[in-house]
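Asks: In the order they appear, the protein sequences are chains A and B. Note that my numbering numbers the first sequence so that position 78 is 78, with each residue one more than the last. Counting the second sequence from 1 gives a position; my numbering is that position plus 101.
No lab work stands behind these hints, which were simulated from the structure alone. Bear in mind that the values here come from a model prediction, so they are computed numbers and not experimental data. Heads up, the beta-carbon is just placed ideally off N, CA and C, and yes, glycines get one too. Don't take each hint at face value.
Capping the alpha-carbon separation at 35 Å, the derived lysine-lysine pairs in DSBU-like fashion look like this [as the list claims (entries may be wrong)]:
hint, chain 1, residue 1, chain 2, residue 2
1, A, Lys68, A, Lys43
2, A, Lys97, B, Lys229
3, B, Lys195, A, Lys65
If you want the footprint, here are the derived chain B segments under chain A, 3+ residues with CB under 8 Å [said to hold, decoys possible]:
hint, stretch
4, 155 to 163
5, 224 to 230
Chain by chain, the residues run as shown.
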Amino acid sequence: MPNPFDITRSDGETSVFIRGSLDINTAPGLAEEIDKIVASRPKKVTVDLSGLDLIDSSGVAALVKLYKGIRGASGHVEMIGARDQPLAIFKLLRMDKVFNL
Amino acid sequence: MVAPIRLTVPGTLLYRNVAVRVVAEAARLVSGSDRRDPNDLLSNDVRHPFDTAVVSAFMEIFNNVAIHAYDRRGGGAIELAITPGDRELLIELKDHGKTFDIDGVEPIPADLDVASLPEGGMGIHIAKTMLDEVTYEPGPPNLWRLLKRMPEKLSA
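Let's have the full structure, built from the sequences with the hints guiding it.
Replies: This is the structure we're talking about:
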């Protein structure tokens, strides 16, 4: 199963583009990359969710891990582009306010 | 009610997407929603609030069965009976694995901040909140019963 994400890095900033479905089958792959991203201590991480069609609680957990890791290292996380089912899930979990979606 | 759509899949996460696609199409039968691209039948295109609720909840319960009932190892089946009604959808999932303590699920904190953001335990909360009814009868077989009604104000 191909990874549903692309990661680009430049000058202290990291961008993560997520597409398709981020779920219990695909989130572990992203979680591995999140460990690397957090370890590199970027000043800013942008997570583009505009290509994300479906998310489940495992996918949410991966994004929470990223958010906590970066914020814990005094970095900034910007989540953009959430729509449809993923946005509904963030709202249901009241994370839309925390993530500023 | 019409006759149920019946599907049996091995109780592992490998077959999850097969079941999710069938459930998504059944939800569309009730909501009357259209795909963004009608020619792309393999897209994860869930936009209508009714479809969103049904698919989101189903994904979590399927995950729960594969992980908790079958310990991620399979060895059993998940039997689905999906019954589209006039303005509601009933989904029943049966498994022959371990029983689940649904009452032991911790609620999501009322006030979330960075420290209290949960990294797990959200699945049952999602299912219960998205649906009108979620019941669990320990077995064997264990039976999850998921019901979503379409409010009058929701239309495709």
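Asks: Please go over all the hints and tell whether each is borne out by the structure.
Replies: Right, here's what the structure says about each hint:
no., hint, in the structure
1, A:Lys68 / A:Lys43, "13 Å, holds"
2, A:Lys97 / B:Lys229, "21 Å, holds"
3, B:Lys195 / A:Lys65, "32 Å, holds"
4, 155 to 163, "holds (count 4)"
5, 224 to 230, "holds (count 4)"
In summary, this structure violates none of the numbered hints.
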